[in-house]
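Student: Read left to right, the sequence shown gives residues 952 to 1152 (the working numbering).
If you're looking for bench data, these hints aren't it; they were derived computationally from the structure.
Don't take each hint at face value.
Unchecked claim - Here are the simulated DMTMM-like pairs of lysine to aspartate or glutamate, each with C-alpha atoms no more than 25 Å apart in a straight line:
| hint | residue 1 | residue 2 |
| --- | --- | --- |
| 1 | K1055 | E996 |
| 2 | K1067 | E1033 |
| 3 | K1055 | E1097 |
| 4 | K1055 | E1002 |
| 5 | K1013 | E1096 |
| 6 | K1014 | E1118 |
| 7 | K1013 | E1098 |
| 8 | K1133 | E1003 |
| 9 | K1111 | E1033 |
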Amino acid sequence: MTGLNWWTIVLIIIAAVVVGVLVLALLVGLAFLIWGLVCRNKFVELRNKIEEAWATIDVSLKKRYDLIPNLVATVKGYAKHESETLERVIAARNAAMTASGDAKLAAENALSGTLKSLFALTESYPDLKANANFMDLQRQLQRVEEELSAARRYYNGVVKAFNTKLETFPSNLIAKMMHLTKRAYFELDSAEERQNVKVEF
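Go ahead and model the full structure; you've got the sequences and the hints to work with.
Tutor: Right, dumping it as structure tokens:
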């Protein structure tokens, strides 16, 4: 009888240990599942914020695209011999309008460079600088450039948060499961392009 009680106690202890291990494994698995869902949701939130930030940039870019033909037409009336510069501005605008993804970022940088050459060109034409329509277009473009600058900062901030989470352990495991990749920053290519487009004289 004593032997039977001893075996019963051993079996109860073994069963309790097995149940305890199973419960612990279940709790760890459940905690990992909840963490995985929270992490996945954070990636979705950051991805949506990136898309929202890009949409804001896109609105400003559209305004910029709409202003450029008016600027070129105004300059053309005064600077008839500068057709090469004007054609480069329009070509850069068209390339930026049709580009997408990382190519869009590079095309926007090229457009900023050609706008600088357009405004540098106007220095040679005092009558143009006095033109009310041209001055109004300059002011509008300055506002658009300021909007773009703010939108670019917000976009880059969200991309930084996304990329950091994407590369940090253990959230990078969830990122791999979601097939997420690093996002590119909206950066200017050179020191010259880092300066604002000069629109006031």
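Student: Hint by hint, which ones does this structure get wrong, listed from lowest number up?
Tutor: 6, 9
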